[in-house]
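Undergrad: For the record, the sequence lines run as chains B and L. All residue numbers for the first sequence refer to numbering that gives the first Met the number 0, where the first residue is 0 and numbers rise by one. All residue numbers for the second sequence refer to numbering that gives the first Met the number 0, where the first residue is 0 and numbers rise by one.
Read the hints as simulated data drawn from the structure, not as lab findings. Watch out, some of these pointers could steer you wrong.
Straight-line distance between alpha carbons at most 16 Å, and here's what the computed EDC-like set of lysine to aspartate or glutamate pairs gives [claimed, not checked]:
1. K189(B) / D332(L)
2. K205(B) / E93(L)
3. K187(L) / D174(L)
4. K328(L) / E355(L)
5. K205(B) / D76(L)
6. K205(B) / E56(L)
7. K205(B) / D332(L)
8. K186(B) / E59(L)
9. K186(B) / D174(L)
10. K202(B) / E93(L)
11. K187(L) / D203(L)
12. K19(L) / D76(L)
13. K436(L) / E395(L)
14. K333(L) / D318(L)
15. K175(L) / E219(L)
16. K202(B) / D118(B)
17. K420(L) / D332(L)
18. K202(B) / E149(B)
19. K212(B) / E183(L)
20. K19(L) / D399(L)
21. K212(B) / D118(B)
22. K186(B) / D114(L)
23. K179(L) / D203(L)
24. K382(L) / E395(L)
25. K131(L) / D203(L)
26. K227(L) / E191(L)
27. K420(L) / D318(L)
28. K189(B) / E207(L)
29. K369(L) / D350(L)
30. K131(L) / D174(L)
31. K179(L) / E168(L)
32. K189(B) / E106(L)
33. K202(B) / D174(L)
Bear in mind the structure is a predicted one, so any value in this text is a computation, not a measurement.
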Amino acid sequence: MKSLPFSIKENHIFIVATTALILLLYGYGSFSFTGFSSTQVILNLFIDNAYLIIVATGLAFVIITGGIDLSVGALVAFVSMVSASLLEQGVNAYIVILVTLLIGIIFGAFQGYMIDRFDLHPWIVTLAGMFLARGASFLISTDSIVITNETYSSISRAKVYILGDSYVSIGAIVAIMVVIIAIYMAKFSKFGRNVYAIGGNVKSAKLMGLPVKRTIILVYTLSGFCASLGGLVFTFYMLSGYGLHLLGMEMDAIAACVIGGILLTGGFGYLIGPLLGVLSMGIIQTLIMFQGTLSSWWTKIAVGFLLFLFILLQRLIVMRRGRRKVIRLEKQNPSLPVPSQPVSGDFK
Amino acid sequence: MSSAILLRAEGISKSFPGVKALSNVNFSLRRGEIHSLMGENGAGKSTLIKVLTGVHEKDEGSFYLEGKPISPVSPQDAQRLGISTVYQEINLCENLSVAENIFIGREPKKRGRIDWKEMNCRAERILSERLKINIDVTKILSSYSTAIQQMVAIARAVDISSGVLILDEPTSSLDKNEVKQLFEVMTKLKSEGMGIVFISHFLDQIYEITDRITILRNGEQIGEYVTKEISRSQLVSKMIGREWGKDSNQENKNTRKEVQQVFVSAQNLGRRGMISPLDFTLRKGEILGLAGLLGSGRTEFAKVLFGIEKADQGVLTIDHQQIRNMTPKAAIDKGFSFCPEDRKVEGIVNDLSIRENIILGLQTKRGLFKYIPMNEQREIAQKYIELLNIKTPNMEERIDNLSGGNQQKVILARWLATAPKLLILDEPTRGIDVGSKAEIRKLILDLASQGISILFISAELEEMVACCDRVIVLRDRKKIGELDRTEMSESRIMDMIAEGVPVDET
Chain B
0 MKSLPFSIKE NHIFIVATTA LILLLYGYGS FSFTGFSSTQ VILNLFIDNA
50 YLIIVATGLA FVIITGGIDL SVGALVAFVS MVSASLLEQG VNAYIVILVT
100 LLIGIIFGAF QGYMIDRFDL HPWIVTLAGM FLARGASFLI STDSIVITNE
150 TYSSISRAKV YILGDSYVSI GAIVAIMVVI IAIYMAKFSK FGRNVYAIGG
200 NVKSAKLMGL PVKRTIILVY TLSGFCASLG GLVFTFYMLS GYGLHLLGME
250 MDAIAACVIG GILLTGGFGY LIGPLLGVLS MGIIQTLIMF QGTLSSWWTK
300 IAVGFLLFLF ILLQRLIVMR RGRRKVIRLE KQNPSLPVPS QPVSGDFK
Chain L
0 MSSAILLRAE GISKSFPGVK ALSNVNFSLR RGEIHSLMGE NGAGKSTLIK
50 VLTGVHEKDE GSFYLEGKPI SPVSPQDAQR LGISTVYQEI NLCENLSVAE
100 NIFIGREPKK RGRIDWKEMN CRAERILSER LKINIDVTKI LSSYSTAIQQ
150 MVAIARAVDI SSGVLILDEP TSSLDKNEVK QLFEVMTKLK SEGMGIVFIS
200 HFLDQIYEIT DRITILRNGE QIGEYVTKEI SRSQLVSKMI GREWGKDSNQ
250 ENKNTRKEVQ QVFVSAQNLG RRGMISPLDF TLRKGEILGL AGLLGSGRTE
300 FAKVLFGIEK ADQGVLTIDH QQIRNMTPKA AIDKGFSFCP EDRKVEGIVN
350 DLSIRENIIL GLQTKRGLFK YIPMNEQREI AQKYIELLNI KTPNMEERID
400 NLSGGNQQKV ILARWLATAP KLLILDEPTR GIDVGSKAEI RKLILDLASQ
450 GISILFISAE LEEMVACCDR VIVLRDRKKI GELDRTEMSE SRIMDMIAEG
500 VPVDET
């Protein structure tokens, strides 16, 4: 009963495709525009998108369980607002950092609890969470608050030099660390594997005795934590808090996951994916910037096309897999085309 | 063999809305024995297993493991107690690798991280040593056939269990050699002192491997027997609740005139893997039975006929008109109607009221956008509620508040409202109480005398003999014979079905 050796390779298709896309765009950019190929341009992708990488990575876990978290964008704005207003009142910067991270954890855990305990649809619960967080930001203040705190601005200004003159921000380093930890968790922790199992088949996961409830609550807690960490990094980056920050950013995060090969139906995807997704969107933006004449909204159009392309690709692979399975079954056992057919004749 | 009782169930009861699935069932499993739970579909075997392993909550009764009371609240809990289960449907995650499916939840770890190498190694060893299958355990499960997936599920259960292993129809997708392999494993585990509960529809397998049999019927325990001491016919008659070979007095009160006009006929109609090509004719006002065991192709044939599954060969003629490309919509337009086997899944729409459930079929027939005025809807619903004697406070009651028998009547009403010419009834009386059964049977006879053709599928032969004008007997997805009313008797049908094949339901 040998099966075709495609399935493993197939799993890598999205990673390969996205990487190829990034390289292609980078190659095109370096070829067409002077200065595009400098290391700093690449590193800027990480600096400018650090928050998005963090948020998308946390969201990826949720999506792999087959759920969704729409509250992340609003949570980032809320965190920026809370930070700014607390700092304005002279609270110690480290306490502020701690408080904002706690907000994310509690917020996420609450959403997870609602989803699990009352069997609510994650779309609805996190949509409510999104409105709540966004609304609460304006409750603090309707205006933008500029952060003048010394600790925050020094973190914001800090440059970590790598490769001579090129540097990254603290935020970018945090983002890379988050990605590395996420990859490790997905592959080598029980929690990570349970996440995949739940995304594959919740019912089976329950019957196999996996802690489904705990995992679901944890996964939204993790997403909430990543959103607040992303919010923190974003606050360092912007040095201001504002309720209108990053409207609709949750959709960018979802798009990054999809382009990075995380299946929206759950159970499938690699945690390097969101990073690659963010980078490919970022590189498109950079290209358009360098090009100079196009409006920056062309980024959205390009991302839209990309998304279409990638969901189509995902769908095609799933369809092909289904078809091949049928063919294989028939090949294996021509006398028993349907596997569940009772064995007969054995006992005659 | 030590006869110490390993697991004991006492007075277990469980009800689902409208159905009493288990009532006061006792069961005991000894150390080092293979014990079979036998019973027809719906007898409560799977429910007992699910209650025992914490999937469902029991209403009454208690379980004892080695004398100590236990009450697992989840499969996880049961596993901790050393009870592991392979459920009827394969319950694994297709997106994970084979090795992971065996080990998830208890992965080997090294320095706090999952040790994949060790896991793959051990998975390979379990599969090759215990079940004698050599496959690449790093591949995802969905790349393997159902049989292999089943073996993986068994491997997982065998590896987890420390005292009790429950196998709920593990052999249904295995071939002969795989079954042999499984039996070797079971025998070995038995000699190690494990208690194994084995559920199977195949009598030969039961007699080959089990030591004891507990028989369930309609959620009640009939008795516990030593396998060697009970004959097949005794076993079967205990399962179906009547004597094998003895017929019920043939009370076919069917005094309708024979009509010769053929309504539907088929030549060589079949679909690969579902039902071998067969011929059949159905006259107007005739009740034709499809007899056979579960999986004999009776439901499959009904589905092909109704166009739910496309026939890939053969000709279907309705009213002298050849039909190609049968679809359910075309079938409904031709006056077909189909009451499916599993009313919970394929029949009722839970959240809708009785009235809405009745109107559904008519709405489809008339076209989805043609509104049926409310007073017409009410009139229709009221008419059938009275006609079929549906017991409900009012027609706006949600259908899932009704009992099984009344739900079945609502589905019948749904189709009757479309003024059908052919009514396909797949197990219309399954899982409903005796009174409603009789009512539904009477109704079927009435409908036939009004000229409606009926294709009747039932596992209860008594019912078949009482209602049908003719019976087509199926076995292994093939038609093996046809009996008309003069030749028809329960024992005759049973003989045809049982001839040398594993008996799986009756």
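Undergrad: Does each hint fit the structure? Answer for all of them.
TA: Status of each hint after checking the structure:
1. At most 16 Å may separate the alpha-carbon atoms for a hinted pair to count; K189(B) and D332(L) exceed this at roughly 54 Å.
2. Straight-line distance between C-alpha atoms of K205(B) and E93(L) comes to about 14 Å, which keeps the hinted pair within the 16 Å bound.
3. The suggested pairing of K187(L) with D174(L) is violated, with an alpha-carbon distance near 20 Å, which exceeds 16 Å.
4. Annotation: proposed proximity of K328(L) to E355(L) is violated, straight-line Cα distance about 19 Å (limit 16 Å).
5. With a C-alpha separation of about 11 Å, the suggested pairing of K205(B) with D76(L) holds against the 16 Å cut-off.
6. With a CA separation close to 15 Å, the supplied pair K205(B) and E56(L) stays within the 16 Å bound.
7. Of the supplied pair hints, the one linking K205(B) and D332(L) is violated, its CA atoms being roughly 43 Å apart against a limit of 16 Å.
8. Proposed proximity of K186(B) and E59(L) is contradicted: the alpha carbons are some 43 Å apart, above 16 Å.
9. Restraint check for K186(B) and D174(L): the C-alpha separation of about 35 Å exceeds 16 Å, so the hint is violated.
10. Proposed proximity of K202(B) and E93(L) is supported: the alpha carbons are some 12 Å apart, at most 16 Å.
11. Under the criterion of a C-alpha separation no larger than 16 Å, the hint pairing K187(L) with D203(L) is inconsistent with the structure, at around 20 Å.
12. Between K19(L) and D76(L) the CA atoms are separated by roughly 25 Å; this puts the pair beyond 16 Å, and the hint is violated.
13. For the hint linking K436(L) to E395(L), the alpha-carbon distance of about 24 Å lies beyond 16 Å, and the restraint is violated.
14. As the CA atoms of K333(L) and D318(L) are separated by approximately 9 Å, the hinted pair is consistent with the 16 Å bound.
15. A C-alpha spacing of about 32 Å is found between K175(L) and E219(L), which places the hinted pair above 16 Å, so the restraint is violated.
16. Between the alpha carbons of K202(B) and D118(B) the distance comes to roughly 14 Å, so the proposed pair stays at or under 16 Å and holds.
17. Under the criterion of a C-alpha separation no larger than 16 Å, the hint pairing K420(L) with D332(L) is consistent with the structure, at around 10 Å.
18. Pair hint K202(B) plus E149(B) does not hold up; C-alpha atoms about 52 Å apart against a cutoff of 16 Å.
19. A C-alpha spacing of about 37 Å is found between K212(B) and E183(L), which places the hinted pair above 16 Å, so the restraint is violated.
20. Restraint check for K19(L) and D399(L): satisfied, since their Cα atoms lie roughly 15 Å apart, inside the 16 Å limit.
21. Using a Cα cut-off of 16 Å, the hinted pair K212(B) and D118(B) holds, with the two alpha carbons roughly 10 Å apart.
22. For the hint pairing K186(B) with D114(L), the CA-to-CA distance comes to about 10 Å; that is within 16 Å, so the pair holds.
23. A C-alpha spacing of about 12 Å is found between K179(L) and D203(L), which places the hinted pair at or below 16 Å, so the restraint holds.
24. In summary, the hint linking K382(L) to E395(L) is supported, as the alpha carbons are separated by about 14 Å, within the 16 Å threshold.
25. Restraint check for K131(L) and D203(L): the C-alpha separation of about 23 Å exceeds 16 Å, so the hint is violated.
26. For the proposed pair K227(L) and E191(L), the alpha carbon gap of about 22 Å is over 16 Å, so the pair is violated.
27. A C-alpha spacing of about 11 Å is found between K420(L) and D318(L), which places the hinted pair at or below 16 Å, so the restraint holds.
28. Restraint check for K189(B) and E207(L): the C-alpha separation of about 41 Å exceeds 16 Å, so the hint is violated.
29. A distance of roughly 22 Å separates the Cα atoms of K369(L) and D350(L); the hinted pair therefore is violated under the 16 Å criterion.
30. Only pairs whose Cα atoms come within 16 Å are accepted, and K131(L) paired with D174(L) is accepted, the gap being roughly 14 Å.
31. With a CA separation close to 15 Å, the supplied pair K179(L) and E168(L) stays within the 16 Å bound.
32. Restraint check for K189(B) and E106(L): the C-alpha separation of about 7 Å stays at or below 16 Å, so the hint holds.
33. Restraint check: the Cα-Cα separation between K202(B) and D174(L) comes to about 27 Å, which exceeds 16 Å; the hinted pair is violated.
Hints 1, 3, 4, 7, 8, 9, 11, 12, 13, 15, 18, 19, 25, 26, 28, 29, 33 from the earlier list are contradicted by this structure; the remaining hints agree with it.
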